[in-house]
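K.L.:
Single-letter residue listing:
There are 2 protein chains.
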Amino acid sequence: MRFLSRNLIGHLRNHAAKSVAATGSVRYQQTATKLASGRPLIANEPAGPAIVTKTIPGPESNRKLQELSQIAETGSVQLFVDYERSLGNYLVDVDGNTLLDVYTQISSLPLGYSHPDLLRLLDDPNHVKAFINRPALGAFPGTDWTDRLQNSLMAVAPPGLRNLCTMSCGSCSNENAFKAIYIWYRTKERGGDTSFTAEELETCMHNQTPGSPPYTILSFSGAFHGRTMGCLSATRSKAIHKIDIPALDWPMANFPQYKYPLEEYVHENQQEDAKCLEETEDLIHKYNAAGKPVAAIVVEPIQAEGGDNHASPEFFQGLQQISKRTGAAFLIDEVQTGGGPTGKMWCHEHFNLPEAPDIVTFSKKMLTGGYYFKEEFKPPQGYRIYNTWMGDPSKVIMLEEVVRVIQRDRLLENVNESGDVLMKGLTTLQNQYPQHINSTRGRGTFIAFDGTNGAKRDTIVNKLKLQGIHSGGCGDKSVRLRPALIFQPHHANIFLNKLETVLSNL
Amino acid sequence: MRFLSRNLIGHLRNHAAKSVAATGSVRYQQTATKLASGRPLIANEPAGPAIVTKTIPGPESNRKLQELSQIAETGSVQLFVDYERSLGNYLVDVDGNTLLDVYTQISSLPLGYSHPDLLRLLDDPNHVKAFINRPALGAFPGTDWTDRLQNSLMAVAPPGLRNLCTMSCGSCSNENAFKAIYIWYRTKERGGDTSFTAEELETCMHNQTPGSPPYTILSFSGAFHGRTMGCLSATRSKAIHKIDIPALDWPMANFPQYKYPLEEYVHENQQEDAKCLEETEDLIHKYNAAGKPVAAIVVEPIQAEGGDNHASPEFFQGLQQISKRTGAAFLIDEVQTGGGPTGKMWCHEHFNLPEAPDIVTFSKKMLTGGYYFKEEFKPPQGYRIYNTWMGDPSKVIMLEEVVRVIQRDRLLENVNESGDVLMKGLTTLQNQYPQHINSTRGRGTFIAFDGTNGAKRDTIVNKLKLQGIHSGGCGDKSVRLRPALIFQPHHANIFLNKLETVLSNL
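Heads up: the protein sequence lines correspond to chains D and G, in order.
Be aware that the first sequence starts at 57, since it is given in the working numbering, and climbs by one per residue.
Be aware that the second sequence starts at 57, since it is given in the working numbering, and climbs by one per residue.
Check the hints yourself; a few may be wrong.
Copies of the same chain are indistinguishable here, so a pair counts whether it falls within one copy or spans any two.
Claimed, not checked - Pairs of lysine to any residue residues, derived as SDA-like cross-links and limited to a Cα-Cα distance of at most 25 Å, are as follows:
| hint | residue 1 | residue 2 |
| --- | --- | --- |
| 1 | LYS348 | PRO270 |
| 2 | LYS185 | ASP173 |
| 3 | LYS315 | LYS519 |
| 4 | LYS294 | HIS262 |
| 5 | LYS185 | ILE98 |
| 6 | LYS342 | LEU562 |
| 7 | LYS519 | LEU562 |
| 8 | LYS244 | VAL212 |
| 9 | LYS342 | PRO266 |
| 10 | LYS244 | PRO270 |
| 11 | LYS434 | ILE378 |
| 12 | LYS348 | THR515 |
| 13 | LYS244 | THR130 |
| 14 | LYS434 | GLN122 |
| 15 | LYS400 | THR265 |
Treat the hints as calculated values from the structure; they're not laboratory data.
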């Protein structure tokens, strides 16, 4: 096994702005550039940001915050948005500020705001009925449900995965993927027998073994897999997400922490991969021996909430090999990375895995939650992976249109093109302002850079907002870019110019 | 404390058909009766069921099932539905069968299919935008979000609860209500201090105490609270829901099992209440003493999935008193009972509780998931109860219209009127066919009766389908009726006539 991150190096090399001067002010071209589509993707989008209040949030946002805080907990509310006026890559807030949105509702808008093709969907009265008549999909699917799935989720399924299950959100997707894994693991332990003993049937009603087996899920330091009880036990992002909530004794291995630039630290980073893989396998053996069998390894292809932490393709290949050796399932959580922002539909397609992961979960840009799985993870009985709604056809109808637009407008090409512009520009800026930012990294437009510390990061995000750029933080000191798939090179240039304005005035 | 179930007796008395002959065939009036609204609530509804295939599911449903089973687990799929043709109380399947639907997508359609007022919502282009532009509500709510909440969820909030949190589904609602309770409980233990120790911040990242405290939730035998890990540990419905899935050592008390008719067993049922309440309090003390503090008692006002098990108002009053004495929160799970089917918006309003429960969870007929809570359950910091979507404005916009229609059409009165017809008719039928059915019970139209055994129940449900009635099972041998709020007395009479046809031919 080779741990050298050739792919990752290659990828970053492609993005590196070798020819751009590392000093001196750079002005980026803001007019619409010639693209895959040959023209701006969204008609009538604003030409650029426009800020009309002295502070953001402005007075109207603050007034509405007061109002909402009377009936809800609002500690995380940043801004009130006028969704009727928001369009394409531009968010308009209730104070009339127009911001270029590179955060897009925590990376959950594939086509930005009010995409004309999505709006047109509801001109069809049958679509309107589908939006109104929400079925219990696990029991009573609609006439065209299979076709809808084929045209949306199956049309972009990860190579090698031909089964799926829809859910309503990311946490439910991971929770139910865990359950499918437990059922698969237990069926393996039974030698493929799909019946139950009387003792199992009795004890599970009391939450006791053998009916409720003490299986565990291995996750990584810095991981984020959601916030319901099972998910949160695998989440290792920040204390505020976890504190005071009961959690299970599940193994946590270290996620690789590389030294940059990668080209200079090939050997060190190989060793880091080897160390983390060894620890992972040791932990699985340790938990298995302690009577807490590890049923799955769960990992994000890029740790997003945890700080946009990347690992090499070889690391992921190594994890898959460990899963084969130990009998644990290999689950890739693509809730944030899936749906195109890395320049491929699924980030794990960058990893050259010799076969598909066992399960891939999704949500956010896919509009519906759910997971793809290998046939052997199909539960042998009904009503084991089940709930009232099992997703929502209205989201799948929208996704069908999103997939059509991605293909028609060649949006993955656009992502790669815009990503190149962002990576080159950010690399130049980090060379120019090393006292403020560093560690630019990413795939496609799924890019982050770090402030020199957490306070610097917060300052940058806030000052960007006053320049008309709506971005988001992640980890301790990172700024994450999560634009929509319709974010074009000219938007990237607007962003870079505004960032330079901020950095040059810090 | 009095355990006598006067309210429940009174309720069932109101519904009992004392004056109806207990023998002989009864034909029920099928024409539209004069109602609260004075007319049929849905124009152009079919006059009655119409069955065109010899079996249900018919050939087209079976063909589509084959198709779907290629990509998904379909063990629970019953029927494919033509939602475009379904209207009001009538479901039309893909084979062209028209069925009177008294199950309504597992009780999740408040206004039946294609209600004209809901369809009209999407004539408004701003509503269309709201359906397309799904925000991250916890961070970036829309212009009218507070007004929407006030006009929908807050307009029908349980008396005494003035705070709320929206979620996407029932399981997420319970999972996050549990989290709000853990945070509240821990804050109480800290004497109200809302800061954390370094040890807590460190240990929670490793899923260890004191950062991850070993709190538990007490639930009842037969309970159903959802299927994600926390919810499933509180769920005690059926083994197939729980087997092979890890679960926590949480206390389970016995839910009362009454002898019927209630009037004849007043003393025995008082003793049953007392026994279950005593066991509940003992279990809390036992778990508290064992270092697994019980942070909440969670209970359904009527155990639905578990078999439509009722308990007396005095039992629920007793639980609330126990919660006060032991410091556990009192959480009522109204996911299935909430939204009007019991003749009140919230089933626990039937219980004359001296004060509101601490938390009430909802989903299904409310279209959005979420929970109401007392002010003291508001987390002291942001990002503790949080996820990307935090619900969905499109569901709240629909709920706003549902609430308007409930009030305009006096649908709670309609529920009570139709419920009376159902209870009288079912009481007559169970007297007439005691060899087939018994134990009719309910509030409003939230009614169930039992087959004499599980096989009999299944036969009745299947034969009802061939008569054009779409119902559902629950528990081991119960048939549950969960019609929409627009189910009128003339629909009730159609149901009763069809049921009599089935019973008289068994």
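K.L.:
Give a verdict on every hint.
P.N.:
Going through the hints against the structure:
1. When the C-alpha separation of LYS348 and PRO270 is checked against a cutoff of 25 Å, the pair qualifies both within a copy, at 5 Å, and between copies, at 18 Å.
2. For the identical chains of this complex, LYS185 and ASP173 are neighbours both inside a copy (18 Å) and across copies (12 Å), given an alpha-carbon limit of 25 Å.
3. When the C-alpha separation of LYS315 and LYS519 is checked against a cutoff of 25 Å, the pair qualifies neither within a copy, at 29 Å, nor between copies, at 69 Å.
4. In the homo-oligomer, the alpha carbons of LYS294 and HIS262 lie at most 25 Å apart only across protomers (11 Å), although the nearest pairing inside one protomer, at 33 Å, exceeds that limit.
5. When the C-alpha separation of LYS185 and ILE98 is checked against a cutoff of 25 Å, the pair qualifies only between copies, where the shortest distance is 16 Å, while the shortest distance within a copy is 28 Å.
6. With identical chains, the CA atoms of LYS342 and LEU562 are never at most 25 Å apart, being 50 Å at best within one copy and 60 Å at best between copies.
7. Taking the shortest Cα distances, LYS519 and LEU562 sit within 25 Å of each other inside one copy (9 Å), while across copies they are farther apart (76 Å).
8. When the C-alpha separation of LYS244 and VAL212 is checked against a cutoff of 25 Å, the pair qualifies neither within a copy, at 30 Å, nor between copies, at 49 Å.
9. For the identical chains of this complex, LYS342 and PRO266 are neighbours both inside a copy (20 Å) and across copies (24 Å), given an alpha-carbon limit of 25 Å.
10. In this assembly of identical chains, LYS244 and PRO270 lie within 25 Å of each other by CA distance solely inside one copy; the values are 15 Å within and 31 Å between copies.
11. Only within a single protomer do LYS434 and ILE378 lie at most 25 Å apart by alpha-carbon distance; the minimum there is 22 Å, versus 43 Å between protomers.
12. For a Cα distance limit of 25 Å, the shortest separation of LYS348 from THR515 qualifies neither inside one copy, at 45 Å, nor across copies, at 43 Å.
13. For the identical chains of this complex, LYS244 and THR130 are inter-copy neighbours only, at 21 Å across copies versus 46 Å inside a copy, given an alpha-carbon limit of 25 Å.
14. In this homomeric assembly, LYS434 and GLN122 come within 25 Å of each other (Cα to Cα) only across copies, at 15 Å, whereas the closest approach inside a single copy is 48 Å.
15. When the C-alpha separation of LYS400 and THR265 is checked against a cutoff of 25 Å, the pair qualifies neither within a copy, at 43 Å, nor between copies, at 41 Å.
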